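Asks: From first to last, the protein sequence lines are chains A and B.
Just so you know, we're using this note's numbering here: the first sequence kicks off at 1 and counts up by one.
Just so you know, we're using this note's numbering here: the second sequence kicks off at 1 and counts up by one.
The set of hints was computed from the structure by calculation and includes no laboratory data.
The reader is advised that the hints may include incorrect statements.
To be verified - Below are the SDA-like pairs computed for lysine to any residue, each with C-alpha atoms no more than 20 Å apart in a straight line:
hint: 1; chain 1: A; residue 1: 44; chain 2: B; residue 2: 82
hint: 2; chain 1: A; residue 1: 44; chain 2: B; residue 2: 77
hint: 3; chain 1: A; residue 1: 44; chain 2: B; residue 2: 14
hint: 4; chain 1: B; residue 1: 22; chain 2: B; residue 2: 41
hint: 5; chain 1: B; residue 1: 69; chain 2: B; residue 2: 85
hint: 6; chain 1: B; residue 1: 49; chain 2: A; residue 2: 20
hint: 7; chain 1: A; residue 1: 44; chain 2: B; residue 2: 6
hint: 8; chain 1: A; residue 1: 44; chain 2: B; residue 2: 84
hint: 9; chain 1: A; residue 1: 51; chain 2: A; residue 2: 20
hint: 10; chain 1: B; residue 1: 77; chain 2: B; residue 2: 15
hint: 11; chain 1: B; residue 1: 49; chain 2: A; residue 2: 42
hint: 12; chain 1: A; residue 1: 44; chain 2: B; residue 2: 53
hint: 13; chain 1: B; residue 1: 58; chain 2: B; residue 2: 28
hint: 14; chain 1: A; residue 1: 44; chain 2: A; residue 2: 107
hint: 15; chain 1: A; residue 1: 44; chain 2: B; residue 2: 60
hint: 16; chain 1: A; residue 1: 44; chain 2: B; residue 2: 106
hint: 17; chain 1: A; residue 1: 51; chain 2: A; residue 2: 81
hint: 18; chain 1: A; residue 1: 44; chain 2: A; residue 2: 63
hint: 19; chain 1: A; residue 1: 44; chain 2: B; residue 2: 43
hint: 20; chain 1: B; residue 1: 49; chain 2: A; residue 2: 101
hint: 21; chain 1: B; residue 1: 49; chain 2: B; residue 2: 13
hint: 22; chain 1: A; residue 1: 44; chain 2: B; residue 2: 15
hint: 23; chain 1: B; residue 1: 22; chain 2: A; residue 2: 84
hint: 24; chain 1: A; residue 1: 51; chain 2: A; residue 2: 84
hint: 25; chain 1: A; residue 1: 62; chain 2: A; residue 2: 40
hint: 26; chain 1: B; residue 1: 22; chain 2: B; residue 2: 82
hint: 27; chain 1: A; residue 1: 44; chain 2: B; residue 2: 110
hint: 28; chain 1: A; residue 1: 44; chain 2: B; residue 2: 94
hint: 29; chain 1: B; residue 1: 58; chain 2: B; residue 2: 97
hint: 30; chain 1: B; residue 1: 77; chain 2: B; residue 2: 53
hint: 31; chain 1: B; residue 1: 49; chain 2: B; residue 2: 15
hint: 32; chain 1: A; residue 1: 44; chain 2: B; residue 2: 58
hint: 33; chain 1: B; residue 1: 58; chain 2: B; residue 2: 96
hint: 34; chain 1: B; residue 1: 49; chain 2: A; residue 2: 104
hint: 35; chain 1: B; residue 1: 77; chain 2: B; residue 2: 103
hint: 36; chain 1: A; residue 1: 62; chain 2: A; residue 2: 81
hint: 37; chain 1: A; residue 1: 44; chain 2: B; residue 2: 46
hint: 38; chain 1: B; residue 1: 58; chain 2: A; residue 2: 104
hint: 39; chain 1: B; residue 1: 110; chain 2: B; residue 2: 32
Predicted model, so just to flag it, every value in this text is computed and none were measured.
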Amino acid sequence: NAGVMQNPRHLVRRRGQEARLRCSPMKGHSHVYWYRQLPEEGLKFMVYLQKENIIDESGMPKERFSAEFPKEGPSILRIQQVVRGDSAAYFCASSRADQIVEQYFGPGTRLTVT
Amino acid sequence: AQSVAQPEDQVNVAEGNPLTVKCTYSVSGNPYLFWYVQYPNRGLQFLLKYITGDNLVKGSYGFEAEFNKSQTSFHLKKPSALVSDSALYFCAVRDRFKTIFGAGTRLFVKA
């Protein structure tokens, strides 16, 4: 059973470009969570999604950031018009609907904005 | 709101000596506590968790943690440190669907 997959693992964008980060949850998992880790800091919750629904986005910046988890395909975290401060590692986790305590983390995507 | 604190930014220990990485928590209700390890430029690896049951929890790579309700602590321990244990360690607590992470403690094990 493959774990949580994230791609790309490394992403370099110039200021003003868009970044798209993808997360494929573990098989049988319908809940996805995104976290951001700024350099030398712990992870911070961004958003919690179920299929086709955003459940909680209290940790998402108000502008430029959006997330979706369509009925088919991976969850996408989208950052428009990236700035240097967006440089971070973005981690995705997934869980089953009946076991949200058990969250499994992916390897992360390291975004570098130049 | 749930929170965890890791009072030490860095812990240094000699190889073969016991190690402790400290964590205290503040929760309402029963805590769901976790330890994760992160190696340089890598993802998070799950070490162990406390949900309920025995206060001493055994995890991966020889690590264990002791849940202490009266002291609201969940310290990570290992009887004999290895150089390869050098990494960044995060204590975490589950707040409904969110995982709340501590700031992390960097462990250096010297040969």
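Asks: Work down the list of hints and note, for each, if the structure agrees.
Replies: Consistency of the hints with the structure:
Of the pairs offered as hints, the one joining residue 44(A) and residue 82(B) is violated, with about 29 Å between alpha carbons and a cut-off of 20 Å exceeded. Distance check on the hinted pair: residue 44(A) and residue 77(B) sit about 25 Å apart at the alpha-carbon level, beyond 20 Å; violated. In summary, the hint linking residue 44(A) to residue 14(B) is not supported, as the alpha carbons are separated by about 32 Å, beyond the 20 Å threshold. In summary, the hint linking residue 22(B) to residue 41(B) is not supported, as the alpha carbons are separated by about 23 Å, beyond the 20 Å threshold.
With a CA separation close to 27 Å, the supplied pair residue 69(B) and residue 85(B) exceeds the 20 Å bound. Restraint check: the Cα-Cα separation between residue 49(B) and residue 20(A) comes to about 32 Å, which exceeds 20 Å; the hinted pair is violated. As the CA atoms of residue 44(A) and residue 6(B) are separated by approximately 15 Å, the hinted pair is consistent with the 20 Å bound. In summary, the hint linking residue 44(A) to residue 84(B) is not supported, as the alpha carbons are separated by about 27 Å, beyond the 20 Å threshold.
Of the supplied pair hints, the one linking residue 51(A) and residue 20(A) holds, its CA atoms being roughly 18 Å apart against a limit of 20 Å. Taking the CA atoms of residue 77(B) and residue 15(B), the gap is near 14 Å; set against the 20 Å cutoff, the hint holds. Among the hinted pairs, residue 49(B) with residue 42(A) is consistent with the structure: their alpha-carbon atoms are about 18 Å apart, no more than 20 Å. Distance restraint check for residue 44(A) and residue 53(B): the Cα-Cα separation of roughly 28 Å exceeds the 20 Å cut-off, and the hinted pair is therefore not satisfied.
Straight-line distance between C-alpha atoms of residue 58(B) and residue 28(B) comes to about 24 Å, which puts the hinted pair past the 20 Å bound. Distance restraint check for residue 44(A) and residue 107(A): the Cα-Cα separation of roughly 15 Å lies within the 20 Å cut-off, and the hinted pair is therefore satisfied. As the CA atoms of residue 44(A) and residue 60(B) are separated by approximately 24 Å, the hinted pair breaks the 20 Å bound. About 18 Å separates the Cα atoms of residue 44(A) and residue 106(B), which keeps this hinted pair within 20 Å; it holds.
A threshold of 20 Å between alpha carbons decides the hint, and for residue 51(A) with residue 81(A) the separation of about 26 Å lies outside it, so the pair is violated. The suggested pairing of residue 44(A) with residue 63(A) holds, with an alpha-carbon distance near 17 Å, which does not exceed 20 Å. For the given pair, residue 44(A) sits about 14 Å from residue 43(B) by alpha-carbon distance, which is consistent with the 20 Å threshold. A C-alpha spacing of about 10 Å is found between residue 49(B) and residue 101(A), which places the hinted pair at or below 20 Å, so the restraint holds.
Proximity of residue 49(B) to residue 13(B) is assessed by CA-CA distance (about 24 Å); at most 20 Å being required, the pair is judged violated. In summary, the hint linking residue 44(A) to residue 15(B) is not supported, as the alpha carbons are separated by about 32 Å, beyond the 20 Å threshold. For the suggested pair residue 22(B) and residue 84(A), the alpha carbons sit about 33 Å apart, so the restraint of at most 20 Å is broken. Between residue 51(A) and residue 84(A) the alpha-carbon distance is near 31 Å, which puts this suggested pair outside the 20 Å criterion.
Restraint check: the Cα-Cα separation between residue 62(A) and residue 40(A) comes to about 23 Å, which exceeds 20 Å; the hinted pair is violated. Distance hint between residue 22(B) and residue 82(B) is fulfilled; the C-alpha atoms sit about 18 Å from each other, no more than 20 Å. Restraint check: the Cα-Cα separation between residue 44(A) and residue 110(B) comes to about 30 Å, which exceeds 20 Å; the hinted pair is violated. Straight-line distance between C-alpha atoms of residue 44(A) and residue 94(B) comes to about 12 Å, which keeps the hinted pair within the 20 Å bound.
Between residue 58(B) and residue 97(B), the direct Cα distance comes to roughly 24 Å. Violation of the 20 Å bound is thereby established for this hinted pair. A C-alpha spacing of about 18 Å is found between residue 77(B) and residue 53(B), which places the hinted pair at or below 20 Å, so the restraint holds. Proposed proximity of residue 49(B) and residue 15(B) is contradicted: the alpha carbons are some 25 Å apart, above 20 Å. Among the hinted pairs, residue 44(A) with residue 58(B) is inconsistent with the structure: their alpha-carbon atoms are about 26 Å apart, more than 20 Å.
Distance restraint check for residue 58(B) and residue 96(B): the Cα-Cα separation of roughly 24 Å exceeds the 20 Å cut-off, and the hinted pair is therefore not satisfied. Between residue 49(B) and residue 104(A) the CA atoms are separated by roughly 12 Å; this keeps the pair inside 20 Å, and the hint holds. Using a Cα cut-off of 20 Å, the hinted pair residue 77(B) and residue 103(B) holds, with the two alpha carbons roughly 18 Å apart. About 13 Å separates the Cα atoms of residue 62(A) and residue 81(A), which keeps this hinted pair within 20 Å; it holds.
Pair hint residue 44(A) plus residue 46(B) holds up; C-alpha atoms about 17 Å apart against a cutoff of 20 Å. Between residue 58(B) and residue 104(A) the alpha-carbon distance is near 18 Å, which keeps this suggested pair within the 20 Å criterion. Pair hint residue 110(B) plus residue 32(B) does not hold up; C-alpha atoms about 32 Å apart against a cutoff of 20 Å.
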